[in-house]
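Residue numbers (the numbering used here), protein chains in the order written: chain A, 83 to 196; chain H, 83 to 196; chain L, 324 to 419; chain V, 324 to 419; chain P, 858 to 976; chain C, 858 to 976.
In short, the hints are calculated from the structure, not lab data.
A portion of the hints provided could be inaccurate.
[What the hints assert, rightly or not] To list a few chain A residues with every Cβ distance to chain V over 10 Å, as calculated:
(1) L104
(2) G128
(3) K153
(4) V172
(5) E174
(6) I177
[Claimed, not checked] Sample of chain L residues at the chain H side, in silico, Cβ under 7 Å:
(7) M324
(8) S340
(9) K343
(10) Y344
(11) S345
(12) A346
(13) A417
(14) S418
The beta carbon of each residue, even a glycine, is placed where N, CA and C say it ideally should be.
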Amino acid sequence: MIVFRTAPYGTIYAFEGLENVLIMGAYDQDISVLFIDDGIYAIKDGMNTEGTGIKNFSPTFRALEAYDIEKVYVDKESLEARGLSVDDLVIEPEIIDASQVAQMMEDQKNFFIF
Amino acid sequence: MIVFRTAPYGTIYAFEGLENVLIMGAYDQDISVLFIDDGIYAIKDGMNTEGTGIKNFSPTFRALEAYDIEKVYVDKESLEARGLSVDDLVIEPEIIDASQVAQMMEDQKNFFIF
Amino acid sequence: MLHLVNTSPFESSDLESAAKYSAKDSPILLFEDGIYAAQAGTAMEGRVKEIMGDHPIYALKADLEARGISNIIDGITEVDYTGFVELVEQHKTASW
Amino acid sequence: MLHLVNTSPFESSDLESAAKYSAKDSPILLFEDGIYAAQAGTAMEGRVKEIMGDHPIYALKADLEARGISNIIDGITEVDYTGFVELVEQHKTASW
Amino acid sequence: MKFGILILEGPYQHEASDSAYQFAKAAVEKGHEILRVFFYQDGVLNSTKLMEPQADDRHVQKMWSQFAADTGTEFIVCVAAAKRRGINDDVIADGFKIGGLGMLTELAIEADRVVTFRA
Amino acid sequence: MKFGILILEGPYQHEASDSAYQFAKAAVEKGHEILRVFFYQDGVLNSTKLMEPQADDRHVQKMWSQFAADTGTEFIVCVAAAKRRGINDDVIADGFKIGGLGMLTELAIEADRVVTFRA
Numbered sequence: 083m084i085v086f087r088t089a090p091y092g093t094i095y096a097f098e099g100l101e102n103v104l105i106m107g108a109y110d111q112d113i114s115v116l117f118i119d120d121g122i123y124a125i126k127d128g129m130n131t132e133g134t135g136i137k138n139f140s141p142t143f144r145a146l147e148a149y150d151i152e153k154v155y156v157d158k159e160s161l162e163a164r165g166l167s168v169d170d171l172v173i174e175p176e177i178i179d180a181s182q183v184a185q186m187m188e189d190q191k192n193f194f195i196f
Numbered sequence: 083m084i085v086f087r088t089a090p091y092g093t094i095y096a097f098e099g100l101e102n103v104l105i106m107g108a109y110d111q112d113i114s115v116l117f118i119d120d121g122i123y124a125i126k127d128g129m130n131t132e133g134t135g136i137k138n139f140s141p142t143f144r145a146l147e148a149y150d151i152e153k154v155y156v157d158k159e160s161l162e163a164r165g166l167s168v169d170d171l172v173i174e175p176e177i178i179d180a181s182q183v184a185q186m187m188e189d190q191k192n193f194f195i196f
Numbered sequence: 324m325l326h327l328v329n330t331s332p333f334e335s336s337d338l339e340s341a342a343k344y345s346a347k348d349s350p351i352l353l354f355e356d357g358i359y360a361a362q363a364g365t366a367m368e369g370r371v372k373e374i375m376g377d378h379p380i381y382a383l384k385a386d387l388e389a390r391g392i393s394n395i396i397d398g399i400t401e402v403d404y405t406g407f408v409e410l411v412e413q414h415k416t417a418s419w
Numbered sequence: 324m325l326h327l328v329n330t331s332p333f334e335s336s337d338l339e340s341a342a343k344y345s346a347k348d349s350p351i352l353l354f355e356d357g358i359y360a361a362q363a364g365t366a367m368e369g370r371v372k373e374i375m376g377d378h379p380i381y382a383l384k385a386d387l388e389a390r391g392i393s394n395i396i397d398g399i400t401e402v403d404y405t406g407f408v409e410l411v412e413q414h415k416t417a418s419w
Numbered sequence: 858m859k860f861g862i863l864i865l866e867g868p869y870q871h872e873a874s875d876s877a878y879q880f881a882k883a884a885v886e887k888g889h890e891i892l893r894v895f896f897y898q899d900g901v902l903n904s905t906k907l908m909e910p911q912a913d914d915r916h917v918q919k920m921w922s923q924f925a926a927d928t929g930t931e932f933i934v935c936v937a938a939a940k941r942r943g944i945n946d947d948v949i950a951d952g953f954k955i956g957g958l959g960m961l962t963e964l965a966i967e968a969d970r971v972v973t974f975r976a
Numbered sequence: 858m859k860f861g862i863l864i865l866e867g868p869y870q871h872e873a874s875d876s877a878y879q880f881a882k883a884a885v886e887k888g889h890e891i892l893r894v895f896f897y898q899d900g901v902l903n904s905t906k907l908m909e910p911q912a913d914d915r916h917v918q919k920m921w922s923q924f925a926a927d928t929g930t931e932f933i934v935c936v937a938a939a940k941r942r943g944i945n946d947d948v949i950a951d952g953f954k955i956g957g958l959g960m961l962t963e964l965a966i967e968a969d970r971v972v973t974f975r976a
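For reference, chain A alone in the conformation it holds in the complex (with noise of 0.2 Å):
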């Protein structure tokens, strides 16, 4: 499992977090990606990093079906904190709440936080 939780561009966590999520989809790993707290806005749509000069990595999250990665979850908190819905997303999670999160990470074995 792959947790999200801070925000786009003012640090790269999510950026490499990415990119390691899309590597262990290679190794073809039951994977599971979760966004919580701040990691939900690294899905947030309407980017447009033109004036601050950094890549766009958005986009890449829509290759996560690509990669056979299907169990993506968001925290129903988490959105409703930032006043977000899963339609403000370039991807579509799974709503769930905190208390399924905690029991997700539990049954997990590998377990990473970008």
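Once you have looked at the hints, place chains H, L, V, P and C on chain A.
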């Protein structure tokens, strides 16, 4: 004016900020040094860094006086929130409140936060 | 004094420190991940509006656009990098 | 799952996230700047005690000593690096 | 006006260097002089000519070196911060010079404004 | 048990590498095997042999190289993260090897526990 607002050891900001204070002192600048937020932890007494392998730099703060840096302040609320008093510190800064901090900032030309 | 805040208000206390240690009416510029404080409709909106009672708030357009944040709180002023430079012409800066 | 928290509770939301996204009774280990949450008598003490209702809390001795923090909240367990390793033997880890 | 810029974080991991670059460009376009860009703490890592980002990404060191070439701006990399992080004269790129921390104090004295870009 | 360690921050700026080192030492002393230490993101900066800290400070790269020599532990520095930060075979110290990100996946599969040290 140099402001310390981060805790020691977890990050290097406070230590390299201190190097900067000592250099500024050598340039005979009329420096003020201010501790706010977690910066007051940088001058907490009783540090023993042996178990971390990192050098304990808190004694160097005692050298401020030797560099003729006498305007040293600490924010009252930051101390209180952390359950500390000046007796818990390796130096004896003058206690001021947040509005005095704000006024002091407005009065300074040079301004670094570490 | 212009207060520069570049971290998310959901993760960091930087905006609170900027608000606490700043003279009334001194401006705050949100940039990098700091721009999330400018977003309308979040759980932070009420607190940000309180801070706006004491401080004019600006948000950097390049960082808003990069993050896809277009609905910003009424009364927050978008500036481009030229506007950032103009604010610095008018004020000394503190980077939180 | 052992939750590792290494940032100050005064500056970062990491401890809150660890508490929020963790199963009841899963332990939290405070280390690096995270150990300030273990300090007794701070403005955070009440909140930390609440979290202790759901999670056993440990604090790393080397980082407590490095920072001169000796008065820790009753019920928080000090561990050395060997104790850290023992906690990892017993649990998978999440680093916040 | 006379500006100074202080950068405290390295390339890619944080946006600090990118923001400083955009700010510096806008300041020069508005007719300001940048007396010096001072690279301190992890900021020293912006100066290595060994960085090779992916082809579709920006090259932070080259952006800065080009800026120095175009504007004649002085870039100083703090010697103490650089040494502990593995930056020395062998790896430093065109436009950057290693110098003492005193040059930050001098910058603070001489510039009308110093703007810090950090984590 | 079989441990893996992941380090995401460079030396000196953050405590991550120091904490990972103390943890690794304690794990080996308790009889555990460390299959691999993987250096990712700014963590790749721990591997440069060019670092020269002040004499009274620790030398983070040498601590790790000594650990590799003493224990035979494999240290992998992520190639993509390293390239964008100016770390390559010319500057990498004894005990470190540049390798692909896939070796982190393999570590996650093979190790009983992976512990991440980060900002």
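Could you check if L/M324 really has its C-beta closer than 7 Å to a C-beta on chain H? holds (5 Å)
Closer than 7 Å between Cβ atoms is the bar; does L/K343 clear it against chain H? Give me holds or violated. With Cβ-Cβ at 5 Å, under 7 Å, it holds.
Mind checking the CB of L/Y344 against every CB in chain H and telling me if the closest is under 7 Å? Result: holds, 5 Å to nearest chain H Cβ.
Would A/G128 pass as off the interface with chain V, using Cβ distances and a cut of 10 Å? The assertion about A/G128 holds, with a minimum of 25 Å to chain V.
Does the claim that A/K153 lies outside the interface with chain V hold up, using a Cβ gap greater than 10 Å? A/K153 clear of chain V: closest Cβ-Cβ about 17 Å, beyond 10 Å.
Since A/I177 was said not to touch the interface, does its Cβ keep a gap of more than 10 Å from each Cβ of chain V? holds (15 Å)
Per-residue hint verdict: L/S340, partner chain H, C-beta under 7 Å: Holds. Min distance 6 Å.
With d taken as the least Cβ-Cβ distance between A/L104 and chain V, does d exceed 10 Å? Holds, since 21 Å exceeds 10 Å.
Please verify that hint: L/A346, Cβ, nearest Cβ of chain H, below 7 Å or not. holds (4 Å)
Going by Cβ atoms, does A/E174 stay more than 10 Å from chain V at every point? holds (21 Å)
Quick check for students: does the CB of A/V172 sit more than 10 Å from each CB in chain V? holds (23 Å)
Does L/S345 pass the interface hint, meaning its C-beta sits closer than 7 Å to a C-beta of chain H? L/S345 check passes; min Cβ-Cβ to chain H is 5 Å, inside 7 Å.
Hint compliance for this structure: every hint is met.
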